[in-house]
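Q: Chain by chain, the residues:
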Amino acid sequence: MINMSNSKFTTNELMAVTASRLLKDGQNIVVGLGLPQVATLLAKSTHAPHLNIIFEIGVVNPESVDTGVGIADPRLWYRSDYFTSFIGSLGHILQRGLVDVGFLGGLQIDKFGNINSTGVHEKDYFRHINGSGGAADIASYSKNIFAIAKHQKRKIVDMVDFITTVGYLNGGATRENSGLPKCKSIRIITNLCVMNFNNQLREMQIESVHPGVTKDQIIENTGFDIKFAGDLKETDLPDDNEIYLLRNVIDPKKLYI
Amino acid sequence: MNSKVMNLIDAVREIPDGAEIAFGGFAITRSPVAFACEMIRQNKKDLNIYQPIVCMATDMLVGAKSVKKLSYGGGSLDRFGRMERINEAFENKTIDAREFSGLSLTYRFLAGSLGVPYIPTKTLLGTDILKNLLDKKDESVMISESPYGDGEKYVFMKALNPDYAVIHAPYADEKGNVLIDGPVWDLELAKAAKKLYVTVDQIISNEYIKMHPEKVVIPNVYTHAVIEVPYGAYPTAVYKMYDYDSDMLTKYAKTNKKQEDFDLFIDEYVTGTSNHNEFLEKCGGISALNKLKADPVYGYKKVWGDKYE
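So the protein sequences, as listed, match chains A and B. Sequential numbering of the first sequence, starting at 1, is according to the numbering used here. Sequential numbering of the second sequence, starting at 1, is according to the numbering used here.
Treat the hints as calculated values from the structure; they're not laboratory data. All of these numbers come straight from a predicted model, not from anything done at the bench. Cβ atoms here follow ideal geometry from the backbone N, Cα and C, with glycine treated the same way. Mixed in with the good hints, there may be bad ones.
[What the hints assert, rightly or not] Simulated crosslink set (DSBU-like; lysine-lysine; CA at most 30 Å straight-line):
(1) A/Lys184 <-> B/Lys153
(2) A/Lys233 <-> A/Lys184
(3) B/Lys240 <-> B/Lys293
(4) A/Lys253 <-> B/Lys302
(5) B/Lys258 <-> B/Lys69
(6) A/Lys150 <-> B/Lys251
(7) B/Lys122 <-> A/Lys143
[To be verified] Simulated restraints on C-beta separations:
(8) A/His92 <-> B/Gly18: 34 to 40 Å
(9) B/Thr94 <-> A/Glu63: 41 to 47 Å
(10) B/Glu152 <-> A/Leu22: 26 to 32 Å
(11) A/Asp236 <-> B/Asn277: 55 to 61 Å
(12) A/Asn177 <-> B/Gln42: 49 to 55 Å
In isolation and in its complexed conformation, chain A is listed as follows (with noise of 0.2 Å):
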């Protein structure tokens, strides 16, 4: 982790502040909890008061008020918009095309922005932790696919244990050869960098350093020789507003942030 103790914002909160910037008003998000809906909630407080959040089990667009502990708890429905099923959810709108961004975690990804969340090798065995959910089908239906992770060499691997979500596959069209839709644009973001795949092979590439990181940090933390864009950034800092509502407003018991 980097050391952030005399600065006015955590890892955490500039990953959420990072990660929610990069939506834009008016799309609609798939989100698993954590993090990832921490971003969204304070995209749709500050510049997006117009994205549909919409999750998995059937809810769209709660505004909690409550923090739960899954997308299984009625803490996360209150106040919705919409109840429906997977298939109103995961068919009807994400499944359809209406999805611009569908926001995941995971245990592990890789360099053509794979995503695994069902288990990992272990010495003699296969040690299975999760499964896909509804992982694998916004993965492959959602036009961008954003994903938060920790920077550690054991999570940003040069290729996952389990394809549970398709990225990029092996590189290049091979997604599309496989028979997916396309996905514009993966951005990966973590507790060092955002990355993303914008160049032909469609490979993981470091597309902006968080301030204080230096590009070793970054080379040590990850499991194959990363490459940074040509026109490498430092990504830009939260403003006072941002941390105020992740801090008073957003999770104000501090569960992710």
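Go by the hints and put chain B onto chain A.
A: Chain B alone, transformed into the frame defined by chain A:
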């Protein structure tokens, strides 16, 4: 009136060993815990379970060695923990585990409920989920092109009409018209099943249904049995009825990590009790349940005071 009311013990007796059965519920909400506990008491074996996202009841059935095959789309106990009995059975290959995604497995039920042979979708293409299913020669997936000649590749998810389905709902009438507030992720499996068993917290009058037909999410044409089991999803939540019990879920998420601890839990709470009321007594009884009553607006136990405001 054509009543479909049954008691829990008789209803569970109708489910044979080896039954093909779809479960409703999702993680820590509307999990048919009472039904699953009775299945464990009756020592059901070799079940073939289907569930888009697994819930607590399914982890209990797997831990109790009642399950031979499980087709599911993943799941956890949310922040309380993981489905450790399922994970271990998966890792040790003591059950035949078939993984899908939430949507793809639900499409099997949707196709079944519509009476069509399959639903085409692009989800699962390129994933190891699909690769594993094809390697296992799973009957439910086939990669094919659209018959309309656009050259597009799809996964054809085969229709499934399971012999049985079990869901938990807050209310139904005696005829089997079912009301569920909140999201309804398990409608398709309920409508696809040949025999649908619904445990409900309360049986209500048909007069109420006649006044509010728009609230019925599963009409009685699908329902085989209505079983009144107050707190039948406890310790998981039923929106607008009762909250999940954090203490019990925390306890379960500890005991399900190791088979020995899980077995002790089942001995004490499930096979050590003769019915759901005794199970509830064991878990703290009415004083524990009174702490879970949902607020009618929030839908969960609203705690007031500085700490939460």
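Q: Are the Cα positions of B/Lys258 and B/Lys69 separated by 30 Å at most?
A: holds, 21 Å
Q: Would you mind confirming whether the straight-line C-alpha gap from B/Lys122 to A/Lys143 stays at or under 30 Å?
A: Holds, at about 14 Å.
Q: Given a hint of 34 to 40 Å, does the C-beta separation of A/His92 and B/Gly18 actually sit inside it?
A: holds, 35 Å
Q: Is the hinted range of 55 to 61 Å satisfied by the C-beta distance from A/Asp236 to B/Asn277?
A: At 59 Å between Cβs, range holds.
Q: Compare the distance between the alpha carbons of B/Lys240 and B/Lys293 with 30 Å, and conclude whether the hinted pair is satisfied.
A: holds, 8 Å
Q: Using the C-beta atoms of B/Glu152 and A/Leu22, is the stated range 26 to 32 Å upheld?
A: Hint holds: Cβ distance 30 Å, inside 26 to 32 Å.
Q: Holds or violated: the 49 to 55 Å window for the beta-carbon distance between A/Asn177 and B/Gln42?
A: holds, 51 Å
Q: Is the straight-line distance between the alpha-carbon of A/Lys184 and that of B/Lys153 30 Å or less?
A: This hinted pair holds, its Cα atoms lying about 19 Å apart.
Q: Please verify whether A/Lys253 and B/Lys302 have alpha carbons no more than 30 Å apart.
A: Distance of about 16 Å is within 30 Å: holds.
Q: Could you grab the alpha-carbon distance between A/Lys233 and A/Lys184 and see if it respects the 30 Å cut-off?
A: Holds, because 21 Å separates the two Cα atoms, which is no more than 30 Å.
Q: Check the following: the C-beta atoms of B/Thr94 and A/Glu63 are separated by a distance inside 41 to 47 Å.
A: holds, 44 Å
Q: Just to be careful, I want the Cα atoms of A/Lys150 and B/Lys251 compared with a cutoff of 30 Å; is the pair within it?
A: Roughly 29 Å between the alpha carbons, so the hint for A/Lys150 and B/Lys251 holds.
Every hint from the earlier list agrees with this structure, and none is contradicted.
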